[in-house]
Every structure is written in structure tokens, then in C-alpha cells.
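Asks: Chain order of the listed sequences is A and B.
Using our numbering, the letters of the first sequence map in sequence onto residues 1 to 347.
Using our numbering, the letters of the second sequence map in sequence onto residues 348 to 730.
None of these hints come from the bench; they were simulated from the model.
Wrong hints could be hidden among the right ones.
Claimed, not checked - Pair ranges (Cβ atoms, derived):
hint, chain 1, residue 1, chain 2, residue 2, range
1, A, Ser275, B, Leu376, 50 to 60 Å
2, A, Ser60, B, Ser659, 44 to 54 Å
3, B, Arg721, A, Lys218, 55 to 65 Å
4, B, His399, A, Pro226, 30 to 40 Å
Claimed, not checked - DSBU-like cross-link-like pairs, simulated, lysine-lysine; straight-line CA separation at most 30 Å:
hint, chain 1, residue 1, chain 2, residue 2
5, A, Lys281, A, Lys85
6, A, Lys192, A, Lys231
7, B, Lys581, A, Lys174
8, A, Lys218, B, Lys666
9, A, Lys147, A, Lys85
10, A, Lys147, B, Lys581
11, B, Lys636, B, Lys551
12, A, Lys177, B, Lys431
13, A, Lys177, B, Lys551
14, A, Lys141, B, Lys636
15, A, Lys267, A, Lys321
16, A, Lys281, A, Lys218
17, A, Lys141, A, Lys85
18, B, Lys636, A, Lys192
19, A, Lys121, A, Lys147
20, A, Lys321, A, Lys231
21, B, Lys666, A, Lys192
22, B, Lys666, A, Lys177
23, A, Lys231, A, Lys147
24, A, Lys147, B, Lys587
25, A, Lys218, B, Lys581
26, A, Lys192, A, Lys141
27, B, Lys587, A, Lys192
28, A, Lys192, A, Lys174
29, A, Lys281, A, Lys299
30, A, Lys141, B, Lys431
31, A, Lys218, A, Lys321
32, B, Lys551, A, Lys192
33, B, Lys636, A, Lys174
Claimed, not checked - Cβ-to-Cβ under 7 Å is the rule here; a few derived chain A residues that face chain B:
hint, residue
34, Thr180
35, Arg198
36, Val286
The beta-carbon is built from N, C-alpha and C at its ideal position, and this holds for glycine as well.
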Amino acid sequence: MQRNSIGSRFFTKAFAVTAALTAALIASSALAGETLDKIKARGLIKVGVGTTPGYFTPDSSGRWQGFFVDFGRALAVTVFNDAEKVEFTNSSPQQRLPALQSGEFDILLSGVTQTVTRAFKLGFHFGPVVFYDGQGLLVRKDLGVAKGEELDGATIGVQSGTTGELNIADFFRKTGKAFTPVTIEETGEFLKALDSGRVDALTQDATDLAAKRTQLSKPDDYVLLPERLSKEPLAPAIRAGDDQWLEIVNWTVYATIQAEEFGITQKNVDSFLTSEDPGIKRFLGVDPSLGEAIGLDPKFAYNIVKAVGNYGEIFDRNVGKGTPLNFDRGYNQPWTAGGLLYSPPFR
Amino acid sequence: MPSRLSTWLGPLPFGQIFLFAGVLAIFALFGSNTVDSMQRTGLSPGFGFLFHQANFEIGETVLPYSAGDTYARALAAGLANTIKVAIVGCVLATVLGVALGIARLSGNLLLATFVHTYVELLRNTPLLLQLFLWSAIIHALPPPRGAYVFLESVYLSNRGVHVPSVSLQGLSWAIWLPAILLTAYASLSLARRLLTGSTFYIPKAAMTVLGSLVVCYLALTSFGLAATIDLPAKGGFNIKGGLSLTPEFFALLIGLVVNASASISDIVRSGIQSVKSGQWEAARALGLKPAQIMRLVVLPQALRVITPLMISSFLDLTKNSSLAVAIGYPDIVSVANTTANTTGQALEAICIIAAVYLTLSLSVSALMNLYNRRIVLRGEARR
Ligand SMILES: N[C@@H](CCC(=O)N[C@@H](CS)C(=O)NCC(=O)O)C(=O)O
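Could you build the full structure based on these sequences and the hints that come with them?
Replies: And the structure:
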């Protein structure tokens with residue numbers, strides 16, 4: 001009796017992906033304003049995340065920390081002027097898009113790659129890219145492999161539901177080499193596959209692999225190849241059709257980028273309140289005309305910087321130099337410093 | 348005719364028609380709503396996507412498949428994987444289950460207690476947990492370089508089980524396959540006719556079949572057939588050659604077999620106990636030995652009780668194979684999920700999964716019912 005009910009319970013769970021997507025389709029797609037209304041009524045933003053140190057991980061007291069988590073808090077500041085009115089929930093790459101579609105989340109800040117399929121076929125909108133990444137290969141050192149091509153005949157772990165599952169197939173078709181995938185949904189099992197020697201390599205977003213390498217039992221036995229197999233622009237994802245929510249997400253991210261460009265930081269932001277620069281006055285809401293026009297708290301950008309800091313501070317605090325991950329800014333610095341971060345004007 | 352109609356409609360015909368129409372209307376509403384919102388997100392409902400290119404790879408397939416083939420082919424490969432684990436699983440679970448069921452009734456207290464504990468343990472822990480355990484055990488095996496080797500030919504490592512395989516060349520399979528099957532069938536029925544009632548029925552039958560197969564093979568070699576044995580060997584990243592069972596398949600198979608054997612052993616036990624003790628006594632009075640009593644008297648009668656219950660065990664095993672997703676075996680559910688995720692055709696994917704399991708269940712039931720009818724009839728005729 002019991003055995004049966006557990007069996008059938010998982011049976012149902014196995015279909016959760018397709019079932020949730022179906023449910024989402026039966027309900028109609030999002031209408032403008034709907035998401036914000038729901039968030040306000042609930043008093044909380046629901047955010048779907050992964051479990052990668054530096055990106056999104058609960059600390060010893062259970063409070064979520066990380067690069068993507070900070071953008072979730074920034075969003076809570078925009079909506080509620082309270083960085084705590086946000087709830088983070090882990091969801092696997094396979095489950096999270098359907099879960100967003102069916103209304104379980106208001107937004108995904110889980111390192112989702114913006115793609116045309118996800119926009120048109122799966123019905124999602126994307127905010128500004130918050131992290132420019134590329135797909136990498138984490139390989140056992142003793143294989144002596146320096147390039148992806150040399151993995152001919154290797155067994156490679158891929159995580160189901162990710163762009164990586166598709167990119168790796170493309171990569172080997174392009175190079176005319178063969179590989180055997182082991183497709184795993186659950187993140188823990190995915191890492192164990194490499195740790196136990198079941199697979200020769202893992203493929204995922206490169207920075208995700210760099211961060212997860214630290215969780216392996218012998219991190220030094222593995223090397224992240226320098227090669228990138230794809231472009232992985234990681235952006236906030238929301239249900240298509242809610243323009244208002246999209247704009248809130250857009251300008252929240254832009255506020256952190258623009259603040260860095262202005263040189264405004266969490267520490268010095270108050271000193272800018274007296275700035276004579278009309279652009280900075282508008283940005284910080286000292287001149288309230290802008291906020292009134294867009295229906296947000298005129299000081300939302302000020303509040304964000306005050307509560308979580310600018311883009312550079314968010315990066316440095318969680319994944320940058322001096323953190324265990326020690327990532328270079330790479331493309332992820334303002335265009336004025338040669339990177340790809342570029343906020344449209346606040347005017 | 349009117350009486351037929353009234354059985355269909357029950358005592359409250361109008362209420363019934365009304366309710367039925369209501370249910371239909373709700374489904375129609377859901378349907379049109381779904382089509383509507385699919386079209387709004389730019390999806391066209393329907394199965395046209397099945398003929399588009401699927402750009403993902405599947406780890407292991409019985410049907411040839413590679414990235415760039417159609418979704419239809421990918422799903423077929425997933426289905427074949429499901430069928431493979433279900434068929435092998437049902438056969439092995441039956442063998443193990445019957446052995447355990449008989450062991451429990453053997454009168455040997457230690458054995459009986461052991462089997463009892465085994466059954467209770469398996470029936471009262473979630474199958475998913477059992478699968479994770481098997482998967483962890485297999486992952487803990489040494490890597491290919493340090494693989495356990497048996498008889499220089501069977502390799503056990505965390506890359507799976509590698510055994511020698513035989514390939515036949517020189518003659519088209521269209522010739523040797525029917526020849527071998529026919530020989531096996533003919534010798535089996537011959538052995539059966541000659542040996543019924545004899546004490547050494549099974550070994551003698553096996554010898555007859557084996558002997559004829561050897562003769563058949565020798566005959567075929569004179570027409571150019573040659574068998575080569577492919578031994579697995581260590582090479583490159585992995586163990587190469589031979590026939591390989593992946594750790595995922597192996598873990599799923601063991602998990603399903605061990606789990607199903609518990610319920611099958613219970614079924615066998617109760618089936619045997621359902622045969623009245625008079626039958627045992629009568630057989631003993633005729634001077635039959637215990638093994639003969641079991642084979643010739645008890646099992647044929649017990650089968651009538653056992654078979655219908657086995658059907659549901661087989662169906663359980665087949666449905667439980669959808670747990671494959673969790674440990675990385677690419678079954679139909681896993682492929683359908685990826686398909687839904689890359690095409691957005693979730694509704695279609697779920698329809699396909701439903702149709703597949705329905706068809707599998709109905710065919711397993713149909714086959715077993717056919718068998719059931721045969722043994723029931725034979726029992727009746729003898730009486
Ligand atoms: N960018 C890829 C992969 C997304 C992805 O898997 N992201 C990582 C974090 S960057 C993740 O969520 N891993 C699973 C986990 O952390 O639990 C996609 O959008 O398909």
C-alpha cells in the first residue's frame with residue numbers, strides 16, 4: 001500500500017515539468033501589471049534561484065547570499081523599499097522555467113541564459129544581462145586534456161534542461177568528434193558523477209563550474225579548461241506579457257550599472273545628494289521628476305545603492321577578487337572600462 | 348435496445364445527460380483556452396514538431412539516434428530504453444521473486460526469516476531511495492583502470508558492467524536468425540513430447556535444445572557463418588569492446604528487480620499456500636518427491652492464482668521505470684521532458700507520455716490475460 005503511494009507520488013513528480021508547463025498554458029499568459037499587483041498583495045517577491053556558492057547560497061543562519069541574490073534584494077528595494085521582502089527558492093534547471101511559467105515564481109535569478117527559443121517558444125521575457133558567461137568544461141586533470149576537442153570518446157555529465165545540454169551536442173557535431181552524455185537533473189548527483197569518476201568531465205556555465213569545483217572532494221584534481229563553447233548571457237527571466245514588471249526589472253538592474261558608471265557607491269552615495277550634476281540629481285531622485293514619470297519611488301536608485309550597492313560592489317562582494325571565487329571582471333565591467341555593461345540614460 | 352439504453356443512462360437519465368454534457372463543456376473550455384494561449388505565445392498546437400531536428404544527445408540508446416535526428420526519433424529511442432529496462436526487469440524479477448517465494452516456504456527457518464526481512468525492508472522503503480542507494484553503490488566501484496575483472500572477460504567498474512559479446516558474420520541475419528529460432532523451437536517441443544513425466548525434465552530438455560543449437564550452428568558454418576567473440580578491454584578513457592551496461596541502466600535495473608521481487612515473492616508464497624494441503628498429501632501418497640510435487644502438482648495450480656497478480660507487479664515495474672529521470676537513465680519521460688523544455692510543446696509531450704504508458708500497460712495486460720486464459724482452461728479441462 002505504502003510502496004504504491006510513494007511510487008505514484010514520484011510518478012507524478014516526474015511529470016511535474018510537463019504538467020506545470022501545461023497548467024501554465026491552460027491558464028492564460030501574464031497581463032501587464034498582473035505580477036506587480038500579486039507581489040504587492042502578497043507583500044513579497046518570489047525568486048527562483050540555483051545553489052552555487054557566490055551566486056546563490058544560504059549562509060549558516062539560513063539567509064540567502066550571493067551575486068544573483070543581491071539583485072533580488074535590489075528588486076525588493078525598488079518595489080517595497082525593503083531589501084528583505086523577497087523569498088528565494090531553489091529549483092533545478094529543468095523545473096524552474098515551467099515553475100516560473102505557472103506562477104510559482106515572479107522572476108528567475110538563477111543564471112538563465114537569454115535565448116530566442118525561450119523568448120518565442122517558451123514565452124519568457126528577459127531583463128538586462130547581469131552576467132556575461134560562456135559554457136565551460138571541468139575536466140579531470142589526469143586526463144591531460146587541454147582542449148575540448150581532445151575529449152573525443154569521453155563521457156561528459158550534462159545537466160538536463162540547460163542550454164549546455166544542447167550546446168555540447170552542437171560542439172561535438174561541429175568538431176566531428178564523439179562523446180557520451182550522462183544527463184542528470186539534480187545538482188548534487190551531477191557533481192557526484194564527476195567526483196566518483198563516473199564521467200570524465202562536466203559541462204555547464206563556466207563560472208558555475210568554477211564555483212562548484214570548490215565543492216568537490218578534491219578540487220585540485222580538476223581543471224576548468226580556458227575554452228568557452230558558447231555565449232551564455234545570464235539575465236533575469238520573467239513571464240512574457242507583463243511590460244510593467246519587465247520595466248521594473250530593467251531599471252533596477254540599470255540603476256546598479258549606472259551607479260557604478262557615476263562612481264556612486266553604498267558608502268559615498270549620500271555625498272552625491274548635494275551634487276550639482278543634473279544627471280546625478282535625476283538619478284538619485286533629488287530632482288523627483290523622473291520617478292514621478294515612471295510611477296516608482298523617485299528615490300529608488302538611491303535606495304538600491306544604499307541598500308545593496310552598485311554593480312561593481314555586488315560583483316566584488318560575492319565573486320570578485322578577494323572572495324574564494326576570485327573572478328576577473330572580464331566582460332562584466334562598465335563599457336567605460338572596456339566591458340559590456342551599458343545602462344541606457346536615466347532621463 | 349431500449350433496455351440497453353437505460354443501463355447506459357441509469358435511473359436519472361436527464362441528470363446524467365446534463366452532467367455528462369457539463370463535463371464535456373469543461374474539457375472543451377480547457378481545450379480552447381489552451382490552444383488560445385499557446386497561439387498567443389507563438390506556439391502552434393499539434394505534433395508537427397516531432398519532425399523537427401532535436402539538438403540534444405542521448406547517452407545510451409537501443410535504437411540508433413544522434414543529435415540532429417528528429418524529435419520523433421529521440422522519443423522512440425527513449426521509448427525503446429523504457430521497454431528494454433521493463434522487459435529485462437520483468438524477467439529477472441520473476442526469476443528472483445519465484446525463488447524467494449519458494450525459499451520462504453522451504454521450512455528452513457533461517458532462510459524464511461531472511462526472506463521475510465528482505466521483503467519487509469523493500470516494501471516499506473521508498474523505491475526512489477533504493478535507486479539512489481544502488482546508484483551510489485555502483486558509483487563507488489573503482490574507475491576503469493582499477494576495474495574488477497572476472498575470468499579476463501567481465502569488467503566491473505564505475506563505468507558499468509562490460510561483458511563479452513558475440514557477433515555473427517558471413518551470413519545475413521535474415522538467414523541465421525530464423526534458422527536458430529526454428530531449431531530452438533522445434534527441439535523444445537520435441538523434448539517436451541519425449542520427456543514429459545520424466546524426472547529430469549528440465550536438464551534433459553535443456554540438453555536437447557543446446558545440442559540441436561550446436562548442430563544448427565555447425566550446419567550454418569558450412570554456409571559461411573562465423574562467430575567472433577568481442578572481449579572487453581581497457582583502452583583510452585574507458586573500457587572498450589564487448590557489450591556494456593551503463594551504471595545508470597544497471598542501477599535502475601537492479602533497483603526495479605529487487606523491489607519487484609519482493610512483491611512477486613509474496614504473490615508466489617500466497618499462490619502456493621492457496622493449493623489445498625490435500626493435494627500435497629495425495630501427491631506424496633503417489634510416491635512423488637518434494638521437487639516433483641512442487642513442479643507437477645502445486646505450481647500448475649498455484650499459477651492460476653499467481654498469474655493475475657503478477658500482471659499488476661509487471662505493470663508496477665514498468666511504471667516505476669519512470670523514476671529513471673532521477674538517476675540519469677534516458678527513458679521516455681526524461682526525453683519527453685527535454686523535448687518539452689526545448690520546444691515548448693509541453694501538452695503534446697504529456698499526451699505522448701500518457702499514450703505510451705497506457706499502451707504499454709494495456710499490452711502487458713493483454714499478453715498476460717492471454718496466458719492466464721490458457722492455464723485456466725487447461726486446469727478446467729483436466730478436472
Ligand atoms: N545558463 C544555463 C544554465 C543555467 C544553470 O544551470 N545555472 C546554474 C547556476 S549558474 C544552476 O542553476 N545550477 C543548478 C544549481 O545550482 O542547483 C541555462 O540557462 O540553461
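Asks: Starting from the hint list further up, note which numbers the structure goes against and sort them upward.
Replies: Failing hints, ascending: 8, 9, 13, 14, 16, 17, 18, 19, 22, 30, 32, 33 and 36.
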